[in-house]
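Peer 1: Here is how the chains run, residue by residue.
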Amino acid sequence: MKKIASFLAFCLVFGLIYWYADSVLMLKPDDGVKLMDDYRGLEPNAVDVISIGSSHVGVNIDPALLWNSCGIAEVNLWSGMQPMWISYYYAKEALRYQHPRLLVVDMYRCADEDDYGEYQYSVKGVQALQPGLDKIHAALTSFEDWKTAAETLWGMPVYHERYNQLTKEDFVYVARERGTLKDAGVHNQHDIYALSMPDYPSILEEEPLTAKNEEYLRKLIKLSKDHGIKLLLVTIPYRANEKEARRANTIARIAQEEGVAYINYLKDLQRTGVDPQKDFYDTGHMNESGVVKFTRIIAEDMRKHADIPDRRDDASYTWFGEGGPALTAPAYRLTEQFIGDGATRYVDTSTALYENPYATWTVLARLKPSEPGKEGVYFSCVSEKSGRIHGLIVKQTADGRLELIWDDDNFTFFDTPVNEDGAFTVAVTKHVDTYAVYLDGKLVFDNIVLPAVAYDGPLLIGARAAESGGKTDFGAGQVCSLELFMELLTPSEISAWAPDPLPMPELPLGFNQSTAELLYAMPEQFVGGGAYRQADYVDTKLKLFDDPGTRFTLLTRITPQYPDGENTVFLSCFAEEADRWRGLLLRAENENTLNLLLGQIYNLPIPYTPGTPIDLCVEKDLNEYTVYINGEKAADRVPIDCDPYDGTLLVGCEITLDGALFRKSSTHVNWLEVYSGILSDEEVQAYRWQDAPMPSELVASSVAYRLPQAYLGDGVEHAIDTGVQLFDVPGKSWSMDFTIMPDYQSYYDIYISCFNEENYAYSGLLVRQEDRGKIVVSVGKLETIEITYGETDKRLHFVIVKSGDAYSVYVNGKLRGQAVSPAPRYDGNLLIGCEQQPDGTFFRYSKVRVLTLNVADEVLSDQEALRISSEALGSGRFD
Amino acid sequence: MLFNSIEYLLFFPAVLLIYYLLPGKVRLYFLLACSYLFYMCWDAKYALLLLFSTAVTFFSGLMIGRAREKRGKKGKGWVVFSAVINLSILFFFKYFNFTLNNINTVLDWLGKPALHPSFDVQLPVGISFYIFQALSYTFDVYRQDVRTEKNFFKYAVFVSFFPQLVAGPIERSSHLLGQFDTPHAFKMENLTSGLLKMLWGFFLKIVIADRAALLVNQVFLFHSYYSGFEVIIAVMLFALQIYGDFAGYSWIAVGTAQTLGFSLCSNFNQPYFAVSVADFWRRWHISLSTWFRDYLYIPLGGNRRGKARQYLNIMIVFACSGLWHGAAWTYVIWGLLNGLYQVMGSLLKPKREKLMKAAHMRTASFSHRLLQSIIVFIFVDIAWIFFRAGTLAEALDIVRSMFVFNPWVLADGSLLAMGLNSQEWTVLLLSIAVLTGVSVMKEKGVSPIRWLFEQEAWFRWGVCIAAVLAILAVGLYGPGFNASAFIYFQF
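Which chain is which? The protein sequence lines are Y and V, in order.
For the first sequence, the residue numbers in the numbering used here are 1 to 879.
For the second sequence, the residue numbers in the numbering used here are 880 to 1370.
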């Protein structure tokens, strides 16, 4: 007894383990086995329509489309090449679990002439059934040989060889989540296989069905009647031969005899809209386009033959399981509010809506209209070819209404809902080729069926794509929120959509400003070039083009020269991107013409005279420019598009995209002011042009000086530091006169010096005894003027006039030499009787006699200089 | 029906269940009916032949007994009668076509027209087995090794007992007939042990033999495309195939009988562990070997009439054995080869022993036994070529093609192009490992089944369940394959 009990326990354990092993090894095709398994897991009363048949059902009827577009809860219980008798047993088993309102059975295989189907299809069909008498009958009916039927029923002989093809799915199959039926639509065929079909309507004769097929057809009819379920027999379109077409006529007769509905779609192709030349990918299966058409028509026919409700918004309906699918993350979400300017601003979401023309999506947006009269797009994803558009545009009309445009022939208007905050919600859904529109959560428009055209452009907010490649139809409204879901949201989800408020965007310069406000005034003049300046350019930190919708007024006075050639840059807020130059650039093109480059390369030439100031005003109002030159309009509201550039306005140089400064220029900008917003014409005309203060570095100190008494150098330590800086500002002008009593025999004596002794920077003024009877006056950068005198010349009266960089040297009433030599800045003082080293120490003390020395800021004329230098004895003109 | 068929899987449990549910006295008739039903699944009409052979041998037995009882004679005439009838049946059904073909060959050589009878002779399945089994009864009665059986039904069950009807083991009346005298009570040990033996038999057959057959069939069919090591491997695998096939069947037969309470003789005893060809034949198809020994070799004089006669007897026995296996010269050559091996083995034995002694070979060591086994395997395997090949020319071709030096085929992927992919190879090699392990256990005198029963329940159950599932998963059966018919069903 104990042994028997042990044996039985062993059998139980073995049975459990065998059951699991069998579930691992068993065939799990997506048709047949898995479908029926999932079906059996449905909740009661979950299904309104059951469609049964071969792959003609599985591929050509899309349950997802039936649900999403029509709210029909339908399942396809199909298996490849399903014979009539398997359809009968499927129906019998299906009706044990559900009580649908309609049973749809495809008659493709009923018109077949084989009494036994192909082995593998029969196996799939049989193995999908639950163990029981029906399964045994189905097996015995499906196979000629009872042994094959027995092997199929057992299963292991059929699929044990799968041991070397197992995947994770096999091992977890028993615990898998069921419920794939709603996604069971096969929707991925785009190929086209053109079929030439016989003229089915003209085939009127009948051909007898095989006895077996007729037997099971009648059994099926009886089954449906016994269960009180409406039966709809169909022949789904396929390339039937004439015999099959005749058998379809026989089926029609039998259906009529039995009082059941039968639709032979082969004779009704036109009504279906299915085009055999375009809508099939092989002789029996439709591609995406065909499936959409056929599913829609069969949905209509289902509703004609049974009372099938629209279940979509029935919250109690659990067709999709517990409360339906959760809202998934949006494929795109606007991160800050968008405010259009009606001219330039838009957002490119980089998300294409029509890349797959049959895609399903939902766009939800919260919109705030702009003032009436401002027509423009809220959002769009539309292609335009030869003037015809396809896609979707949601826009505000001039009279403030909401317009939705799909193409030139399909558009609709709605009154914009009025809510407290002025905003309203619009949702547009697209499932394959069917659209619906919701306003403030309510369905206002649906079942718009339109052929979808592929387009890989992105969803745009605030504009739409123009055929030329740019953007057009800019909107001025506000998009407070926008989300895109790549799935079809239910009406409840749409109604419940309430996104968190988005931050306001940073608005562009001058946005919507009615009056101009001063943003920047350059504190001092810019005189470029020269190492004396701490900064050799000015960065105003103003971003004038970071948004195409900026609005500003720039006023500047410049004194153009051409010292650096083509690299003479006055102002730049300019992107040096090859083939995409944009912004603002003011520079000298040549000795007499300036270039003003604006927007996406608009070039305004401005003639100039070197040294003569020019007053320039540039206004940018969104994408229109107005330019005034010396008060006269040179360009009036010229439309120039400009892509964004977030560089700043620079004075005296340019900058590369990498941030490297270049073309530092020796230019002179006298005045610069920038306003946000636009000055009116009157304001520009009334504008007071002026020069900003010169930089302190460029203000020269006074050189006025008078030697109080004659100087006699001792050659050792005695010298006079006048405290006067002759070269603190390059180009400084002055005049000096002095009288010396030269020693004919001496040499290398220093009379006066204001000389930079720094290596390789020798410059300034140096008057020294070069040799017997020769005095050399070095000016500027070592330009020398030699003064020779005789042994009898006891006194020499010098006058040196410096006018900018030009020097003139007069001695005893004669002009002895002239030179032009720019000298760099030198902070040293004018010395008498010595020189000064770079470290500040005096050296070369000289035994010289300087009787008088006068220095003045004025520049003496030639006449005066001659006169003064001809005066004898130590009194200069300043006495 | 084949053992590895769905019919048998339905037939056997039904028979088992009903057998034990029936009262004891009815069981015999039930077994008889089941056995004839089993046989008639092959071809119903040949059940009459079985019945005829049964009747002839039963009647002969009766007559021999009566002659002895009534007239004090041995009844030799009835032995002759029984032998002539049964061997005639065997000859007609098995060798008629063969004989005719050979006659026609001679006629053709003589330029005479061939003979074409108007009928076609088909070979009834299992005829070689049940004829020999029935004949053995006649001989045993004549030799008084068994009493005359007076119950026809009991005798009929003995001849037709379904587990061993179509492919042995060829049972002796002294061993099996008496087991039908009394009904057997149900014993769990018999059931479990019998099922385990059946399991082992299925393992040998559908996991090893049918898998090896995939490669063997390919190489033998397309032997001109293969050479060297490829052929050697195929020939080695054929040795494995034929062992797995035949031994597997035998184990299923033994196991089936045990579940019903009957004991059949063991037919194989680790034959490839044999240390000589003679030893091989003491381990291989033991029931047939002993039949030939007892009913042909010994009556011919055995080894009692000098060496020359002994060797002649050996050759005659193995020629007959070859012919018993198949009606073709290749089988005869195979048999003669095996006989020749034994004759040569015997002739060379003194020299061999002298050589081994001179070389100080450790004849009792494992390595020596291993070497002997390998050598025996090689000889036996070469002989198997003639057994497997369709014609003599094909066999010689295959032998010749083995002498090509190409060991690289073992590494360059060629092995995967011979009918078995890598997974199949893996399963085969693992199975051979299991087979080797169990064979070593048995060779050492350890009964694997007894050893298993000595383990804890969890281990026993685990092994059994794993074995069943493994066989179900990796066995070659079902519609995916042409289930290779049990080779010995032709005889």
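It is worth saying that the hints were derived from the structure and are not from the lab.
Please note: incorrect hints may appear among the correct ones.
With the Cβ distance kept under 7 Å, some of the chain Y side facing chain V (calculated, not the full set) [stated by the list, open to error]: (1) K3; (2) F14; (3) G15; (4) I17; (5) A21; (6) K147; (7) E151; (8) G155; (9) M156; (10) Y163; (11) Q165; (12) T250; (13) Y602.
Derived contacts from chain V toward chain Y, CB cut-off under 7 Å, selection only [as the list claims (entries may be wrong)]: (14) Y887; (15) M1067; (16) L1299; (17) Q1302; (18) G1357.
Idealized CB from N, CA, C, for every residue including glycine.
Peer 1: Evaluate each hint against the coordinates.
Peer 2: Checked hints:
1. K3: holds, 4 Å
2. F14: Interface hint status for Y:F14: holds (5 Å vs cutoff 7 Å).
3. G15: For Y:G15, the interface hint is violated, since the closest Cβ of chain V sits about 10 Å away, which is over 7 Å.
4. I17: holds, 5 Å
5. A21: holds, 5 Å
6. K147: holds, 5 Å
7. E151: Holds, about 5 Å.
8. G155: With a minimum Cβ separation of about 10 Å from chain V (threshold 7 Å), the hint on Y:G155 is violated.
9. M156: Status holds, d = 5 Å.
10. Y163: Hint holds; Y:Y163 Cβ to chain V Cβ min 4 Å, cut 7 Å.
11. Q165: violated, 9 Å
12. T250: Interface hint status for Y:T250: violated (34 Å vs cutoff 7 Å).
13. Y602: violated, 71 Å
14. Y887: Result: violated, 11 Å to nearest chain Y Cβ.
15. M1067: Result: holds, 4 Å to nearest chain Y Cβ.
16. L1299: violated, 12 Å
17. Q1302: The hint holds - V:Q1302 has a Cβ within 7 Å of chain Y, the shortest such distance being about 5 Å.
18. G1357: With Cβ-Cβ at 3 Å, under 7 Å, it holds.
Going through the hint list in order, the structure does not satisfy hints 3, 8, 11, 12, 13, 14, 16.
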